[in-house]
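Novice: Below, each chain spelled out in residue letters.
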Amino acid sequence: MIDALNRAARKVPTWAVFVLGLLPIPYLFYRAATGGLGVEPITALEREMGLWTLQLIIAGLCITPLRRFAGVNLIKFRRTLGVLSFVYVVVHLGIWVGLDMSLRWGQMWADILKRPYITIGMVAFVLMIPLAVTSNNLSIRKMGGAAWRKMHKAVYAIALLGAAHFIMVQKVWEAEPLIYLAVILGLLALRARPLQKTSGVRAGG
Amino acid sequence: MAHRWTNTLTRNDITPKALWLNRRAVLGGMAAGGLAGGIAAPAAAQSAPLEPNTLEEIRSYNNFYEFGTGKGDPAENAGAMQTDPWQVTVDGLVDNPGTYALDDLIGDMTIEDRIYRFRCVEAWSMVVPWNGFELGDLLQKLGPQEGAKFIAFETAVIPEVMPGVRRRVLDFPYVEGLRLDEAMHPLTLMATGLYGEPLANQNGAPLRLVVPWKYGFKSIKSIVRITLTDEMPPTTWNRLNAREYGFYSNVNPNVDHPRWSQASERVIGGGLFSSRQDTLMFNGYPEVAPLYEGMDLSVAY
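If you read the sequences in order, they're chains A and B. Residue numbers 1 to 205, in the UniProt record's numbering, belong to the letters of the first sequence in order. Residue numbers 1 to 301, in the UniProt record's numbering, belong to the letters of the second sequence in order.
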């Protein structure tokens, strides 16, 4: 069955996953504009885009454990998921800047400096930029596989910062963001020991 | 009473029901059609006439943590709360203490229309056409005693119908309080309805406080206890996080909140392309400023 899954995955082009992954964006904007996200569509849309970002990062973190522990090889989609998560975080940030804050730059700058959850979110976003920029074959060739993989381990920090951002946006301790954090910690823990034993031979990130 | 606050807006200024029922659809259509410019919120809120939010907006976007922390949770869950019969206990430094049936407590109060701005500490706002009576009138009837300096309120706790209480998202019962002179101010309202209809449960039925110059969490909902006291009473959000939520919690664009800048606010109901508007000192009710004369509002936040 796993072989069949791997054979099927080989046939799916990455661009198809990418295009499919973009579809929720116009759909959510349409829902927001037509009342489907409630009477405060901007906050709702901002939240949806943030959730998609985090979910796509988590999906990307699942790829290596899936291969290692289940033999499912979806490695060719890993960069696609990463670039998709970047698109969503750009939309998330764009909604904050353009719709939520209405381009009040002074207030935004003060928020980035003063409000820890915004600071953390912004750090995570900035860390994602070099990863998105180098998510192409040319960059891997230029940098060399080892250096590229090392750099892209920054996604571990990004995932944790993203979860912290989500937890801190809430006024009280909520279950949902804590579940996201737990899932991310679990996925990172799966990498910790096996990596040392195999001393980097299969260090796919 | 001579000091009575007079509304510059009358019942006639309230959006006709047919209109407010349709406004959402109109706005939705405009947003979808990309006619963003037409939905701009009033920038100079103080001089522009207040346009009340629709009943749908007021009833679907709520904070009432007893019923859940999501904005839609109260509308979804609060219907199960039984508000008739309803009892309110009055105690503390008061001449007429007791446990009153709601009608015995407030049946003789004069219900007025009050169109107030409502500003949440989360930096969003609405305009609500309340029906209610002045808290000062009720206090006159209850007779605060000499030593009474503060008034404390408590919200109902009914775990069977309140999922947020079962999950203990806050330290319930929800409690709030005012200084007695704040409570006696003619702007301070006890609301029993809005748009001429009884309060929906998610809006704090059957009896809630409305203090329009303070952040919304001060305006405690579904009140079951009123206590007159000589000490500043504890308040729920202050107990949870004193750095973020003070006892006074006056709307103040100049005092920064650790979590949200309070300089501006998003007006609910403007749709996807509405812009922020500047937040006004005391939420646009400068007549309350004398209450705080001589106080440093960045310390007493």
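Note that these hints are calculated values from the structure, not bench results. Quantities reported herein were computed from a predicted structural model and do not represent experimental measurements. Any given hint could be a false lead.
Computed, partial: chain A to chain B, Cβ under 7 angstroms [what the hints assert, rightly or not]: (1) V39; (2) E40; (3) G94; (4) G98; (5) S102; (6) D111.
Restraint ranges, calculated between C-beta atoms of paired labels, are given here [stated by the list, open to error]: (7) V12(A) with Q82(B): 49 to 57 angstroms; (8) V123(A) with D103(B): 54 to 62 angstroms; (9) A192(A) with Q82(B): 29 to 37 angstroms.
Don't be surprised by glycine CBs; every beta carbon is placed ideally from N, CA and C.
Novice: V123(A) and D103(B), beta-carbon distance inside 54 to 62 angstroms?
Specialist: At roughly 57 angstroms between Cβ atoms, D103(B) and V123(A) fall inside 54 to 62 angstroms, so the hint holds.
Novice: Just to be careful: measuring from the Cβ of V39(A) to every Cβ in chain B, is the smallest value less than 7 angstroms?
Specialist: 4 angstroms, holds
Novice: Return the status of the interface hint for G98(A): holds when the least beta-carbon distance to chain B is below 7 angstroms, violated otherwise.
Specialist: 9 angstroms, violated
Novice: Was the hint right that E40(A) lines chain B, CB cutoff 7 angstroms?
Specialist: 5 angstroms, holds
Novice: Does the beta carbon distance between A192(A) and Q82(B) stay inside 29 to 37 angstroms, or does it fall outside?
Specialist: With a Cβ separation near 53 angstroms, A192(A) and Q82(B) fall outside 29 to 37 angstroms, so the hint is violated.
Novice: With a cut-off of 7 angstroms, does the beta carbon of S102(A) approach a beta carbon of chain B closely enough for the hint to hold?
Specialist: Because about 4 angstroms separates S102(A) from the closest Cβ in chain B, which is inside the 7 angstroms limit, the hint holds.
Novice: For the hint on G94(A), just tell me whether its beta-carbon gets within less than 7 angstroms of chain B.
Specialist: 13 angstroms, violated
Novice: If you check the beta carbons of V12(A) and Q82(B), does the distance land in 49 to 57 angstroms?
Specialist: 55 angstroms, holds
Novice: Does the nearest C-beta of chain B fall within a distance shorter than 7 angstroms of the C-beta of D111(A)?
Specialist: With a minimum Cβ separation of about 6 angstroms from chain B (threshold 7 angstroms), the hint on D111(A) holds.
Consistency with the previously given hints fails for numbers 3, 4 and 9, ordered from lowest to highest.
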